[in-house]
Amino acid sequence: MPMPAEPPLVLPDDMSLVVPPVVPLPMEPEPDAPVEPEPMEPLDPVAPVEPVRFAVLPAVLLRLVLPVPPIAPLEPEPEPLMAPLEPEPVPPMAPGPLVPPGPVAPPVEPPPAAPPAEPPAPPPAPPA
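Residues 1 to 128 in the UniProt record's numbering are what the sequence shown lists, from first letter to last.
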């Protein structure tokens with residue numbers, strides 16, 4: 001769907017039509033006596049940063065810093081109640097057709113062989 005063409009921007013020759021006139025804002029009356037600014041409290045110097053204490057660190061970080069106690073050895077596995085099962089040997093298949101009997105497609109006969117091509121005749125010997 002084509003977009004409608006926008007009309008070209010035409011600026012008037014008189015720029016006062018484009019820029020709105022400046023309207024003066026109402027001024028506040030000046031006070032009779034000058035107002036003194038309020039005295040400011042002196043700023044505190046930058047407080048020193050307290051060192052991080054171990055009580056604040058999470059347990060994960062403590063594990064990285066402190067030695068980890070050794071893990072208790074695992075109990076030995078109890079003996080199995082049954083002996084492991086061994087796969088049973090598969091008996092050989094009985095002789096017989098692997099495909100159940102049913103309609104059989106006729107065998108495909110190969111196309112008849114083409115007769116052997118005769119060897120080309122030797123070129124005639126040039127006269128001597």
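To be clear, the hints were calculated from the coordinates, so they are not data collected in a lab. Treat the hints with care, as some may be off.
Per label pair, the in silico range of CB-to-CB distance [as the list claims (entries may be wrong)]:
#1 80 <-> 105: 50 to 60 Å
#2 71 <-> 50: 29 to 39 Å
#3 105 <-> 85: 41 to 51 Å
#4 46 <-> 6: 58 to 68 Å
#5 37 <-> 6: 38 to 48 Å
#6 102 <-> 82: 39 to 49 Å
#7 64 <-> 36: 39 to 49 Å
#8 73 <-> 50: 40 to 50 Å
#9 79 <-> 50: 55 to 65 Å
#10 69 <-> 91: 37 to 47 Å
#11 41 <-> 71: 38 to 48 Å
#12 50 <-> 74: 50 to 60 Å
Quick reminder that beta carbons are idealized off the backbone N, C-alpha and C, glycines included.
Here is how each hint holds up against the structure:
1. 80 <-> 105: 50 to 60 Å: At 55 Å between Cβs, range holds.
2. 71 <-> 50: 29 to 39 Å: holds (36 Å)
3. 105 <-> 85: 41 to 51 Å: holds (45 Å)
4. 46 <-> 6: 58 to 68 Å: At 59 Å between Cβs, range holds.
5. 37 <-> 6: 38 to 48 Å: With a Cβ separation near 56 Å, residue 37 and residue 6 fall outside 38 to 48 Å, so the hint is violated.
6. 102 <-> 82: 39 to 49 Å: Check passed, 46 Å falls within 39 to 49 Å.
7. 64 <-> 36: 39 to 49 Å: violated (59 Å)
8. 73 <-> 50: 40 to 50 Å: Given about 43 Å between the Cβ atoms, the range holds.
9. 79 <-> 50: 55 to 65 Å: holds (60 Å)
10. 69 <-> 91: 37 to 47 Å: violated (58 Å)
11. 41 <-> 71: 38 to 48 Å: violated (59 Å)
12. 50 <-> 74: 50 to 60 Å: violated (44 Å)
Checked against the numbered hints above, the structure violates hints 5, 7, 10, 11, 12; every other hint is satisfied.
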